[in-house]
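S.K.: Chains as they are written, first to last, in our numbering: chain P, 17 to 134; chain D, 546 to 657.
Rather than coming from a laboratory, the hints here were simulated on the basis of the structure.
These numbers were taken from a predicted model, which means no experiment stands behind them.
From the three backbone atoms N, C-alpha and C, an ideal C-beta is built for every residue, glycine too.
Fair warning: there could be bad hints in the mix.
Covered stretches of chain D (in silico footprint by chain P; criterion: 3 or more residues with CB under 8 Å from a CB of chain P, positions within the stretch not fixed) [what the hints assert, rightly or not]: (1) 590-596; (2) 648-655.
Using 16 Å as the maximum straight-line C-alpha spacing, the simulated EDC-like pairs for lysine to aspartate or glutamate come out as follows [said to hold, decoys possible]: (3) P/Lys33 - P/Glu95; (4) D/Lys613 - D/Asp572; (5) D/Lys649 - P/Asp54; (6) D/Lys649 - P/Asp75; (7) P/Lys73 - D/Glu547; (8) D/Lys582 - D/Glu628; (9) D/Lys616 - D/Glu550; (10) D/Lys582 - D/Asp629; (11) P/Lys81 - P/Glu95; (12) P/Lys85 - P/Asp72; (13) D/Lys587 - D/Glu628; (14) D/Lys587 - P/Glu78; (15) D/Lys582 - D/Asp604; (16) P/Lys34 - P/Glu78; (17) D/Lys582 - P/Asp72.
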Amino acid sequence: EAQVTQNPRYLITVTGKKLTVTCSQNMNHEYMSWYRQDPGLGLRQIYYSMNVEVTDKGDVPEGYKVSRKEKRNFPLILESPSPNQTSLYFCASSSPSRPSGTTYNEQFFGPGTRLTVL
Amino acid sequence: GENVEQHPSTLSVQEGDSAVIKCTYSDSASNYFPWYKQELGKRPQLIIDIRSNVGEKKDQRIAVTLNKTAKHFSLHITETQPEDSAVYFCAASIKGNTPLVFGKGTRLSVIA
Numbered sequence: 017e018a019q020v021t022q023n024p025r026y027l028i029t030v031t032g033k034k035l036t037v038t039c040s041q042n043m044n045h046e047y048m049s050w051y052r053q054d055p056g057l058g059l060r061q062i063y064y065s066m067n068v069e070v071t072d073k074g075d076v077p078e079g080y081k082v083s084r085k086e087k088r089n090f091p092l093i094l095e096s097p098s099p100n101q102t103s104l105y106f107c108a109s110s111s112p113s114r115p116s117g118t119t120y121n122e123q124f125f126g127p128g129t130r131l132t133v134l
Numbered sequence: 546g547e548n549v550e551q552h553p554s555t556l557s558v559q560e561g562d563s564a565v566i567k568c569t570y571s572d573s574a575s576n577y578f579p580w581y582k583q584e585l586g587k588r589p590q591l592i593i594d595i596r597s598n599v600g601e602k603k604d605q606r607i608a609v610t611l612n613k614t615a616k617h618f619s620l621h622i623t624e625t626q627p628e629d630s631a632v633y634f635c636a637a638s639i640k641g642n643t644p645l646v647f648g649k650g651t652r653l654s655v656i657a
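Produce the entire structure from the sequences given, and follow the hints as far as they go.
M.R.: The following block contains the structure:
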């Protein structure tokens, strides 16, 4: 089954304790992205990756790191979490339209990770 | 960069009525405009999208219109049903390898 998976789905942690949220897709998509969703603010992009070893900042990258060593995985790292990073996080992936490759197809979202930082 | 404004933030309609959600974008180079539906506790899912080479697209009870001159696009849901109740997000993307920029969402409630 084509899907995007995230782990963990729920996490409660304390300020300063490093954590990683994993994201994996089995659709061979080039593009992957992380969003956070907060009430009234919609989906805000944290980081994205166009392909392996290519990452770029989104709108709210402060306090986060990512890596893209393999095409299928795009982990989100919080080196020193703070309470303002309490949020619902979504990973998403997509692939360029063929044959032109100039626009993107549908983004598939993972199930979400609800993070609480105390 | 691109900025997407979405209105209204909340919308209540009677079952069977139509619902319209509007979005404006800032960058005239944007050429891909998807709409996502997010039911309570679930992930956003694509319901319809439109590219800049067409002005309207329909899929059963939902339709999207695009006005490139005015830089706005709208989602139309006809004959609304309780299962249409959800948060709807519009988004825009500039041609090429750039990410989607989302609106802040509209919470639609369909009252039976």
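S.K.: Against this structure, judge whether each hint is valid.
M.R.: To see whether the hints hold, each was checked on the structure:
| no. | hint | verdict |
| --- | --- | --- |
| 1 | 590-596 | holds (count 4) |
| 2 | 648-655 | holds (count 3) |
| 3 | P/Lys33 - P/Glu95 | 7 Å, holds |
| 4 | D/Lys613 - D/Asp572 | 10 Å, holds |
| 5 | D/Lys649 - P/Asp54 | 10 Å, holds |
| 6 | D/Lys649 - P/Asp75 | 14 Å, holds |
| 7 | P/Lys73 - D/Glu547 | 14 Å, holds |
| 8 | D/Lys582 - D/Glu628 | 11 Å, holds |
| 9 | D/Lys616 - D/Glu550 | 11 Å, holds |
| 10 | D/Lys582 - D/Asp629 | 9 Å, holds |
| 11 | P/Lys81 - P/Glu95 | 8 Å, holds |
| 12 | P/Lys85 - P/Asp72 | 14 Å, holds |
| 13 | D/Lys587 - D/Glu628 | 14 Å, holds |
| 14 | D/Lys587 - P/Glu78 | 26 Å, violated |
| 15 | D/Lys582 - D/Asp604 | 14 Å, holds |
| 16 | P/Lys34 - P/Glu78 | 15 Å, holds |
| 17 | D/Lys582 - P/Asp72 | 26 Å, violated |
In this structure, the hints that do not hold are numbers 14, 17, in rising order.
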